[in-house]
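> Residue-level listing of the chains:
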Amino acid sequence: MKEFAYQRATAVHDALESVAENNTKFLAGGTNLVDLMKRGVETPARLIDVRALPLNGISEARNGDLVIGATTTNSETAAHPEIRRRYPALSQAVLAGASGQLRNMATTAGNLLQRTRCAYFADLASACNKRVPGSGCAAVEGEHHNHAILGTSPSCVATNPSDMAVAMMLFDAVVRYETLTGKGEIPIARFFRPVGDTPNVETTLPTGALITSVTLPRRAEGRRSRYRKVRERASYAFANVSVAADLTVRLGKVREVRIALGGVASHPWRARIAEERLLGGPATPERFRAAAEAELAAATPLPHNGYKVPLARNLVQAVLTDLTRQE
Amino acid sequence: MTDATRSEISLKVNGKTHRLNVDNRRSLLDALREDTKHAGPKKGCDFGQCGACTVLLDGKRVVSCLTLAVAADGSQVTTVEGLAADDDLRPVQEAFLRLDGFQCGFCTPGQLCSAVGVLAEHRAGWPSAVTSDVSPDHRCRLDAEEVRERMSGNLCRCGAYPSIVRAVLDAAEREEVKR
Numbered sequence: 001m002k003e004f005a006y007q008r009a010t011a012v013h014d015a016l017e018s019v020a021e022n023n024t025k026f027l028a029g030g031t032n033l034v035d036l037m038k039r040g041v042e043t044p045a046r047l048i049d050v051r052a053l054p055l056n057g058i059s060e061a062r063n064g065d066l067v068i069g070a071t072t073t074n075s076e077t078a079a080h081p082e083i084r085r086r087y088p089a090l091s092q093a094v095l096a097g098a099s100g101q102l103r104n105m106a107t108t109a110g111n112l113l114q115r116t117r118c119a120y121f122a123d124l125a126s127a128c129n130k131r132v133p134g135s136g137c138a139a140v141e142g143e144h145h146n147h148a149i150l151g152t153s154p155s156c157v158a159t160n161p162s163d164m165a166v167a168m169m170l171f172d173a174v175v176r177y178e179t180l181t182g183k184g185e186i187p188i189a190r191f192f193r194p195v196g197d198t199p200n201v202e203t204t205l206p207t208g209a210l211i212t213s214v215t216l217p218r219r220a221e222g223r224r225s226r227y228r229k230v231r232e233r234a235s236y237a238f239a240n241v242s243v244a245a246d247l248t249v250r251l252g253k254v255r256e257v258r259i260a261l262g263g264v265a266s267h268p269w270r271a272r273i274a275e276e277r278l279l280g281g282p283a284t285p286e287r288f289r290a291a292a293e294a295e296l297a298a299a300t301p302l303p304h305n306g307y308k309v310p311l312a313r314n315l316v317q318a319v320l321t322d323l324t325r326q327e
Numbered sequence: 001m002t003d004a005t006r007s008e009i010s011l012k013v014n015g016k017t018h019r020l021n022v023d024n025r026r027s028l029l030d031a032l033r034e035d036t037k038h039a040g041p042k043k044g045c046d047f048g049q050c051g052a053c054t055v056l057l058d059g060k061r062v063v064s065c066l067t068l069a070v071a072a073d074g075s076q077v078t079t080v081e082g083l084a085a086d087d088d089l090r091p092v093q094e095a096f097l098r099l100d101g102f103q104c105g106f107c108t109p110g111q112l113c114s115a116v117g118v119l120a121e122h123r124a125g126w127p128s129a130v131t132s133d134v135s136p137d138h139r140c141r142l143d144a145e146e147v148r149e150r151m152s153g154n155l156c157r158c159g160a161y162p163s164i165v166r167a168v169l170d171a172a173e174r175e176e177v178k179r
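Chains as they are written, first to last, in our numbering: chain A, 1 to 327; chain V, 1 to 179.
Read the hints as simulated data drawn from the structure, not as lab findings. Hints should not be assumed to be uniformly reliable.
In silico EDC-like cross-links for lysine to aspartate or glutamate, where the CA-CA straight-line distance does not exceed 20 Å [claimed, not checked]:
(1) Lys-38/A / Glu-173/V
(2) Lys-25/A / Glu-34/V
(3) Lys-2/A / Asp-30/V
(4) Lys-253/A / Asp-322/A
Only chain V is shown next, with the shape it has when bound in the complex (with noise of 0.2 Å):
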């Protein structure tokens, strides 16, 4: 007899897929950190209010911690482990060495991961709550105000936020250039 309050998953992690048999109370955020041994996303809050554990989930970002990985099963996840392929880091991810937008580094996985997230919701038009016009014909930019809203999901309590909103809107330059 299988025990209900289990399940067999198929978790592809960063391209590599992984079969767990997981306790259901078991958050999406315990299986990468415990039993597919991915490290980066950290467990700040496991409230959801931190957004330090946030991954990506096929494609889309969204906090570990409230996240079922029961309820993830046959999903992509993308943690900062799989952001750069091998040592090609993202413009993001060169932004944040550069200009220095970390103090302890605890958050930075997640706010990597929001940024990433960030940046693809603006490519795709998405406005935000200080976009001063939300109609779908009015193109927002992204400036410091944009970038300080969509990336108040991920709190540094370390106070680094002037440079991380830096490395972002950089990113989000280069990111332009290279289109």
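Chain A extracted, bound-state conformation (with noise of 0.2 Å):
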């Protein structure tokens, strides 16, 4: 590991300022940061620590919403009455990701902002345009069989690990954000950014700028919603395919209905054309794969991870289906 500056951000202004020299980084949980750190991938000379900052912990405001402050850890995430309540799906979705120690350690900002585990990426002797623009991707060409499906580009085919993120996506939360100019915020379907040809740059949070909370839009108590994970482990892996989903039935009509997939894409991919194929509609396990077919019609599978494909489809068709038993 590279030598490097360490300091405790006492105040937000304190720690934009300081962020603001010279590859110096935030310091969260560490449990992404560290370890890329130790591979020698990230190299920061300098540290700012921001877990001393008032920026944990879940209140609820005024008009409803739920606000998660940043450094909030994924443990007290999960465990949240108010989200266990009206945010099942985003509880699951803490839980199922890391171990309890690691939750124990990672915070909401970090969790977002964490970075692929691609073995290419984590690895200095090769080829990865994530990490070293124009250099290559050895994931096409290798080993890849838990890499995106959906919205790939030729210059970078992997996933997002994060599984919070895939709730987060269903449940509309809006990332607000600090910077040495002003506050702003930034809906969770922006955040992340389309891989393009600039693999290297995942969100469209301003250069400089400090994640303060995630806020999820009101919600009315009882609600169902649901999330599953699909992976080579019984525990402590990063999802092949998940999906996050929430739906109401009235008259055995689609009434409202949101579905978000985990491990296809290079960001938690909300499914906007299934939603769309089912409002309105019947609430069937024939609708529900149908549905799924036609969001997995524009996938771009590799050679080695064309099973993803009914793998969502039927992931899909089984939490929906799911979640009609349960209503």
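Got two chains here, separate frames each, mind docking them using the hints?
Encoded structure:
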């Protein structure tokens, strides 16, 4: 690991001033950043520890939105009564990620900004456009059984590893941040950038910005939602495919539906084509399957990850069917 | 002039305060093993994947290999050496002995610290990924499936898992009776 200076920020403004300096990064839980520093992928000259900032905790805004502070740990988010009551898919998604130890360390903002677990990204000897722009992509011709099938580009086929972000995509969360020039917010649907030919630029967060919170729009108590993850081990593994869904059925018809997929793209994938197909129509397993197929029609699987197409289709069908049974 | 890449830190390990001058790169695991001489936490993978380095940091189980020592400045750390007061073993330690919850023992310090964390998290009402209903009105009971899920961050290459699960469940029941 390269040597670095360390500072603990006590005010947001100080943190923002510090991070404006060359090659300085924010440190929160460290579960991803410290890992990447050990591997030489990240080589900051200075770390600004943001965990002493007053950005911790979950509170309800006056309009009923739920505000999750940036440094709230994943464990705190998953265990929070209001998250469990109103946004159960978010609690389930967070619990499906990492291990108990890592969830006690990892934070909301850090989870959103975590990097891909593509093995070539973590290996300095391999070509990777995300790590070294223009160097190529070793995964396209290499080991890619767990890589992306939707929204890929020839420059990068890596997936976003977050479970939490898939549920936040489902609930139309809003990411709030501060920069030295003021405050801003980004709806999560616009937070992650399409890959294009710049896979190294992953989000639309302005340079030098500090995420301060993530807001979940107001939602009635007791509304069903569900997160289901398929992986290669029973626990403690990244998703092959995951599905977060929210479904309201009245008189056999789909009144509201939201679907988000994980493990299939460079960012959590909102299945808007499937949602549009389903809205107003009969809530039947056959329709769920057809809607998932319509969403996946644009899939561009590689030689070793074609299994994700039927897996995603079946998982969408299963989760939606399950939600109709719970109604 | 002070070197910006080193820091003066204070760690309270198992109740005793240690003042250290550490390279900012030092992991909490290395600080414990090399500086404060607590060899309980083990270096298995050093990348947060095996759980052998698990300690309690301000009461919460964490992997000490991905925790920077400098970032833990001012914290209280409990290693396996500090779980029991003298020979008065915790229920989970006693259960590991009685039910043979280990083979070679390398992962055991991490398993024990993690198990103490698991029991506290369950007492606090935290659900897990296998909890059928995450609603706060639903009280989740610890069973073998729950223990396997909650302990999944601790690998055991001997494969002593069946006995580890039994020991954690046994400790959970004893603690339940005590209360």
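> None of the hints should be skipped; say for each whether it holds.
Results for each hint:
no.	hint	verdict
1	Lys-38/A / Glu-173/V	40 Å, violated
2	Lys-25/A / Glu-34/V	28 Å, violated
3	Lys-2/A / Asp-30/V	16 Å, holds
4	Lys-253/A / Asp-322/A	15 Å, holds
Against the hints set out earlier in the document, violations occur for numbers 1, 2.
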